[in-house]
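Asks: Chains C and G, in that order, are what the protein sequence lines are. Just so we're aligned: 481 in numbering that gives the first Met the number 0 is position 482 of the first sequence, and the numbers increase by one with no gaps anywhere. Just so we're aligned: 144 in numbering that gives the first Met the number 0 is position 145 of the second sequence, and the numbers increase by one with no gaps anywhere.
One or more of the hints may lead you astray.
If you want a taste of the chain C side facing chain G, the calculated C-beta under 8 angstroms gives, among others [to be verified]:
| hint | residue |
| --- | --- |
| 1 | Val221 |
| 2 | Arg250 |
| 3 | Gln253 |
| 4 | Phe256 |
| 5 | Pro280 |
| 6 | Ala282 |
| 7 | Pro296 |
| 8 | Ala445 |
| 9 | Leu491 |
| 10 | Arg540 |
Lysine to aspartate or glutamate pairs mimicking DMTMM-like chemistry, simulated, CA-CA at most 20 angstroms apart [unchecked claim]:
| hint | chain 1 | residue 1 | chain 2 | residue 2 |
| --- | --- | --- | --- | --- |
| 11 | G | Lys301 | C | Glu329 |
| 12 | G | Lys257 | G | Asp243 |
| 13 | G | Lys301 | C | Glu273 |
| 14 | G | Lys301 | C | Glu498 |
| 15 | C | Lys523 | C | Glu539 |
| 16 | G | Lys135 | G | Asp243 |
| 17 | G | Lys239 | G | Asp219 |
| 18 | G | Lys301 | C | Asp328 |
| 19 | C | Lys544 | G | Glu57 |
| 20 | C | Lys286 | C | Asp276 |
Read the hints as simulated data drawn from the structure, not as lab findings. Ideal Cβ placement from N, Cα and C applies to all residues, glycine included.
Listed below are the residues making up each chain.
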Amino acid sequence: MILKRLTSLLLLIAVAGFTSATGIAAEESLAVQFRRPVAIAVSHGGTRLAIANQRSGTISLVDPQKKRVVLEAATGKRLSDLIVTGDTRRFLVTDEEAHQLIAVSFSSTGYTVEKRLTVCRYPVTVRIDNEGTYAFVASLWSRTVTIVDLKSWFDEGDKSVAARTHQIRLPFAPREMLVLNVADQKAKIPSLENPRLKVVVADGFGSRLAVIDPESGQIDSVREIPAHAIRGLRLHPTKSQMVISHQVLSRLAQSTFDDVHWGSLMTNVLRSVELSDLLDPQADLLKHSILEYLGGPDRGAGDPAEFVMRSDGLTGIALSGTDELILHDENHVYSGRVKTESYPTAVALGTDGVYSYVLNTLSDSVSVVQLAGPLLAGTISLGPQPDLTAADRGERLFHNAKLSHDGWFSCSSCHVQGHTNGLLNDNMTDGTFGTAKRVLTLRGVADTAPYSWTGRFKTLSDQIAHSVKSTMQGNPLSVDETNDLEAYMKTLPPPPALETEENLAVERGAAIFEAQNCRSCHSKPTFTSARIADVGLKDERGTSKFNPPSLRGVSQNAPYFHDGRARSLEAVFTEFKHQLNGELSTEQLGDLISYLNDL
Amino acid sequence: MGLTTFSRLGCVVLLLTYGVSGPGRLCADEANVAASDLKEETFGSAADQGRLVWALLEAIEQHHIAPPPRQALIRVITRTFFRVPKDAPDDVLYRELLESLDAEFLKCQSADEMAKFVERTECLQLDFGRVIADLKSGFGEILGEFHLIRSKDHDVEEQFRGNRYVGLGVGLRMNPSGSPSFARIVPGSAADRGGLVANTYIHEIDGRSTENLSQEKILDLLRGPAGSDVTLKVSTDQSKEQRDVTLTRGVVRFESLKNRNHQSLNRDSLRIDQQEPIGWIHVETINGSTLHELRVAEQRAKEDGIQVLVLDFRGNETPGDLHQALLVADSLLDGGAICERIEGSAEPKIEYADRECLFREVRLVVLIDLTTGPFHSVIAAALRDSGRAKLVGRSAEFKGFISSTVRLSGVPYSLTMNTIRLNRLSDNYQWPLIPDYSIAQNDGVAANQPPIPQGFRMGNRMILDSDLNTRPSDVGKMTSSIEAKRSADSAKSDQDPQRRSNASEVVAQDTPKIPQVPKSQQNDQLPVRRTSLKRQLPIEDLAILVAMEIQRGLPPRSVQPVAHAQDEQSKESIK
C-alpha cells in the first residue's frame with residue numbers, strides 16, 4: 000500500500016514537471032485506469048516492450064519473458080506514439096493533447112523525462128532515421144510534419160533546436176510515416192536530387208501518400224491511391240518495395256448483401272508499391288502495385304492495422320476489426336489467424352523473430368503470438384481497468400467488424416477514428432441505390448439532428464440501427480448496443496479547426512458569413528439546422544433536398560457536398576457559387592475561408 | 000432478355016432446386032415489398048386482377064426506359080379484359096364499348112379503385128390464366144419486352160445473381176410415366192451429403208405424393224429456407240425399395256469461372272498448354288462472386304506465369320447482373336469510363352472505373368460470339384473501347400438495352416422489362432459488338448473484318464490461312480450438331496439483309512437459347528499443341544493466335560475502326 004502511494008506520488012511529481020523518477024511498480028500496484036495503449040516497440044536490446052498509453056498518458060515497460068509490467072511511467076497527457084531510438088533505452092513519444100514531442104529514458108531503476116518540445120498541434124506519429132539525425136513528427140489536424148534536428152535538441156538545448164526545426168504543411172491530415180534511406184535508389188532514379196533520406200507520409204483518413212524531402216523541406220509528390228484507412232507502412236525486407244495496410248471502398252459497389260459478402264464493397268489489403276515508383280514523382284504509383292487480399296467471403300479481415308514483416312517475408316497483420324493477428328507467408332498465402340483481445344492496433348516483432356507482440360488497445364493488454372503455428376503464447380495485462388461506461392462499450396462496438404456481415408468492416412472503416420474517409424459510398428441511407436454519397440464525419444455529431452444527407456433519421460440511434468443492419472449487412476443491434484454506440488459517438492468532439500489564430504481576416508469573414516445569411520441553414524452553435532434545403536445540387540435520382548452538414552471543423556471535411564464534387568472550400572464558392580448573394584471579391588472570399596477554417 | 004432469362008432460369012431450375020431464404024437478410028433492396036410472402040396460390044380474384052394491372056401501370060411508368068403514355072397502356076388493359084370475338088363484325092358497338100371502358104379505366108387513380116372497377120364490371124373476362132397471357136402479349140407489343148414472373152421465382156433469380164442459391168442441389172427430371180427423378184446431384188450439396196445419387200426417383204416430399212404434381216409444385220415443395228429440413232421417399236433402379244431420407248437445405252455455390260478444359264481454377268491451371276504463357280478463363284456467368292473469383296484467378300495467373308489471357312465470353316446461359324458486370328468491368332480496367340447509362344427519368348450517367356486493376360500487367364483477348372450475353376457484352380465493349388483488350392470471334396447479339404425485374408407493389412408478381420439503355424463511349428462504335436478479329440465466312444460477309452493473322456508458328460508447325468478458313472459446315476463436323484446449328488444460324492443471320500436493317504430495332508431476341516455444348520463433349524478437346532487443328536473450333540484457334548501475336552509483341556494487326564453499315568444504323572437509332 001505504501002509502495003502504491005509512493006508510486007502515485009512519484010507519477011504525480013513527474014507530471015508536475017520534475018524530470019526524473021524512480022521506482023518499479025509491482026503488478027499489484029498498477030493503478031485502476033483506462034490506458035488505451037496505442038504504440039508498442041521492442042526496447043532494451045529486446046528484453047523489454049515499451050508501450051505508449053493514450054488515455055493514461057503513461058508508458059508501460061513490460062518484461063515479455065515474465066509477461067509482466069515492470070514500470071509504468073507518467074509521461075504526458077495523451078500519448079499517441081512511441082519510438083525507440085538508437086540508444087534502446089531512450090524513447091521518443093508524442094503527446095497529442097500537450098502537443099509535445101517528449102524524450103524519455105529508462106534506467107534499471109527508473110525513468111527520466113529528458114526533454115519536451117512543443118510541435119504542431121495534434122502530433123500522432125513520430126519516426127526517426129537510422130542514424131538518429133532527425134525525428135519526424137506527423138501532426139494530424141494541423142496537417143503538418145515537423146522535422147526535429149535531434150542532435151541539436153539533445154546536445155545544444157531548446158533554443159538551438161527551435162532554430163533547426165522546421166515544418167512541412169501537407170494538403171491532408173497525416174498519420175502513418177515511413178523514413179526511407181534512399182541512397183541506393185539513386186541509380187534507379189536519376190532525377191532523385193537529395194538521395195539520402197525521404198519520408199513517406201500517409202493520409203490519416205483518406206487516400207493520399209506524400210513523399211517529403213527532409214533536407215530541402217519540400218514535398219516531392221502527393222499522390223492518390225485507391226485506399227483509405229491506411230494504418231500501416233513498412234519497408235519490405237527486400238528493400239525494393241513499400242508495403243501498406245489499408246482498406247479499399249469501391250465507389251461502384253452497393254451496400255447489398257451480395258456486394259458485402261463477396262468483398263465487392265470493401266476489401267482489406269496489403270499493397271506493395273515499388274520504391275522506384277514511389278520516389279519518382281512522375282511515375283505511376285499503381286503501375287507495379289500488387290494487392291494481397293486479407294480474408295475473404297465467409298471470413299472477412301476487417302480493419303487491418305499495423306503489421307510486422309520478418310526477414311523471410313512472413314507477415315503478421317493486426318486485424319483491429321476482428322480482434323486477430325492474421326499471417327501471410329512469403330508467397331503472400333494465408334497461413335493462419337490467432338485470436339487476440341479487443342481492438343489490436345499495433346504489433347511489434349521480437350528480436351528473435353519467434354514471437355510477435357500484439358497491442359490490444361481497448362483491453363489494455365498485449366497478446367504474445369508465436370509465429371510458427373501460429374498460436375497464442377500468452378497475454379500480458381497492462382493493468383486493471385475500471386468498469387466500462389456506456390461510451391466505453393460503444394467504443395468497442397464502433398471498432399468491431401463483427402457488427403458487419405462476416406467481419407468485413409467496422410463503423411471506423413469508413414468513419415476512420417470517428418471522422419470520415421472522404422469517399423463516396425452507395426448505401427440505402429438516402430433511400431436509393433445508384434446515388435453514392437460522401438461519408439459524413441461523426442465528430443461533433445451530437446446535437447446535429449436530423450441525420451443522414453436527406454435528414455431521413457430523426458435520431459442518432461435510428462441512423463445507427465439502420466447503418467448496421469443495412470449498410471453493414473449486420474445482425475440487428477439490441478437497444479442497449481444502439482444506446483452504447485450513440486453514447487460513444489456523442490463523446491466525439493468536432494474536428495479541430497485547421498486555423499486557430501484569431502485575426503482580422505477571421506473577423507471580416509464572420510461578417511461576410513452574417514451578411515450572406517449563411518446562418519439560415521448553418522446556425523450557431525452547431526452550424527447546422529434541422530432544415531432540409533434545396534441548394535440546387537441534384538443526385539443521380541433527382542434528389543436535391545439535403546440536410547445542411549455542420550460547419551464545425553469544416554476545414555477538415557473536404558471534399559464537399561453530397562457527392563464530393565467540390566474538392567476544396569474555395570471550390571464551394573468559386574466553382575459552385577454555393578448560396579452566394581452576389582459575387583465575392585478575392586479578398587472577401589479569402590476572409591470567408593479564413594473564418595470557415597477557424598470554425 | 001427477360002424471357003430468355005426466364006427460360007434460362009427454367010432450364011437451370013431443371014438442374015437445381017432452390018429455396019427462398021428468410022426475408023430481409025438476403026433482400027438486396029430493403030425498399031422491396033416482401034411480395035413473395037403474398038400467397039399467389041390464392042391470388043386471382045377480380046379485385047386481385049385490378050390491383051395487378053394498377054401495379055403494372057405504376058411499374059411501367061416508373062421504370063420502363065421509354066414508357067408509353069397511359070392511354071396506350073390502358074388500351075392494352077381494356078383489350079385484355081374485354082376480348083372482341085374474332086368472328087365479330089367490326090362494328091361501332093364494340094368500338095364504343097371499348098372506348099367507354101378505356102375512359103373508365105383511365106379514371107381509376109389507385110389500386111383500390113382499379114380493383115373495385117374490375118370487380119363490379121360484369122362484361123369483363125376474368126379467367127386469370129388468360130388475362131395473364133393477354134397482358135403479356137398486349138404489353139409485349141408496345142413495350143418490346145414484358146415478362147411477368149412470380150416474385151418467388153424472382154427471389155430465386157436473385158439468389159442466382161448473388162451466387163447464394165439455397166436448396167438441395169438436385170436436378171429435377173419429370174418422367175412421363177412414373178415418378179420424377181433427380182437427374183443430377185451437385186457435388187458438395189445437401190443432396191450429395193445426404194448420399195443421393197443421380198437417377199434417384201422421388202415418390203413423396205414431406206409425406207405428400209409426387210404423383211400428378213406439376214414440376215412447379217414439386218419445386219415449391221423441395222424449396223425452403225436455409226437450414227430447414229425436407230424428408231423424401233426415394234428409390235433407385237438398383238434398390239427399388241422406397242426409403243426415407245431427410246436433407247437440410249443449404250447454400251449451393253457454383254464457380255462462374257472455368258479454365259479451357261472447363262475445370263475449376265482452384266484445381267487446374269489457367270494455361271492453355273505447357274509452353275505458351277497464355278491463360279484461358281471461361282467466364283460462364285457474371286454474378287456476385289465473379290469479381291471475387293477473378294481476384295483468386297489473378298493470383299493463379301501469377302503462379303502460372305500468364306502474360307496474355309483469353310477471356311472466353313461465349314455461352315452465357317444463366318441470368319447475369321448489370322451491376323456485377325459493371326464491377327467486373329471496373330476491376331479489369333485501369334481507370335477510365337465504362338459506359339454511359341440511361342435509366343428512367345435520371346440524367347444519363349457515365350460509369351467510371353477506379354484505378355484498381357486486376358491482371359494489370361497481363362494483356363487480354365476476349366472471345367465473343369452470338370451466345371455472348373448482354374452483361375458479357377457490356378464488359379467486352381468497355382475493355383475493347385478503352386484499348387484494354389482485343390475482341391475475337393463473331394458479333395454478339397446485344398443491342399444496348401438491359402432489362403431488369405421490378406417487384407410489383409402489393410401483388411406477388413414481378414415484371415421484367417427494358418429499364419436501362421447503355422451506350423458505348425466510342426466515337427466509332429455502338430452496338431452490336433463486332434470483334435477486331437473474326438473468322439472469314441465462306442461468302443465474303445466478313446470482307447470488311449480485320450484480316451486474319453496468318454503464318455504463325457504454333458508448336459512445330461506453321462499455321463496458315465487455309466487452316467483457319469474452316470467453313471461452318473466443317474465446324475459442324477468437328478463439333479456437336481448443336482454448335483453447327485449455332486454457326487449456321489449466325490452465318491444466316493449475318494447475311495440476311497432484312498435482319499440487318501432491323502438490327503437497329505433493338506430489344507433482345509426471344510429465340511430460345513441453344514443449350515451449351517455438353518461438357519462431356521468439350522472435355523475431350525486436348526490442348527492445341529497435342530492435337531490436330533482440324534479438331535479444334537477455329538474460333539478458339541484464332542483467339543490463341545491473336546494471344547500469341549500479342550505475347551510475342553508483333554506489330555498490332557488490328558484494323559482501324561471501320562464504319563460498318565450495321566454500326567451506323569445502330570448508332571443512329573441508339574444515340
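Asks: Could you run down the list of hints and mark each one as holding or not?
Replies: Quick rundown of the hints versus the structure:
1. Val221: violated, 16 angstroms
2. Arg250: With Cβ-Cβ at 6 angstroms, under 8 angstroms, it holds.
3. Gln253: Hint holds; glutamine 253 of chain C Cβ to chain G Cβ min 7 angstroms, cut 8 angstroms.
4. Phe256: holds, 6 angstroms
5. Pro280: violated, 17 angstroms
6. Ala282: With a minimum Cβ separation of about 14 angstroms from chain G (threshold 8 angstroms), the hint on alanine 282 of chain C is violated.
7. Pro296: Given a least distance of 6 angstroms, the restraint on proline 296 of chain C holds.
8. Ala445: violated, 27 angstroms
9. Leu491: violated, 28 angstroms
10. Arg540: This interface hint holds because 6 angstroms falls under the 8 angstroms limit.
11. G:Lys301 x C:Glu329: holds, 15 angstroms
12. G:Lys257 x G:Asp243: Violated. Lysine 257 of chain G to aspartate 243 of chain G sits at ~36 angstroms, over the 20 angstroms cutoff.
13. G:Lys301 x C:Glu273: With a Cα-Cα distance of about 17 angstroms, the restraint between lysine 301 of chain G and glutamate 273 of chain C holds, given a limit of 20 angstroms.
14. G:Lys301 x C:Glu498: violated, 49 angstroms
15. C:Lys523 x C:Glu539: violated, 31 angstroms
16. G:Lys135 x G:Asp243: violated, 42 angstroms
17. G:Lys239 x G:Asp219: The given pair, whose Cα atoms are some 26 angstroms apart, is violated under the 20 angstroms limit.
18. G:Lys301 x C:Asp328: The given pair, whose Cα atoms are some 16 angstroms apart, holds under the 20 angstroms limit.
19. C:Lys544 x G:Glu57: Measuring from Cα to Cα gives roughly 24 angstroms; hence the hint is violated.
20. C:Lys286 x C:Asp276: holds, 8 angstroms
Hints 1, 5, 6, 8, 9, 12, 14, 15, 16, 17, 19, counting from the list given before, are not met by this structure.
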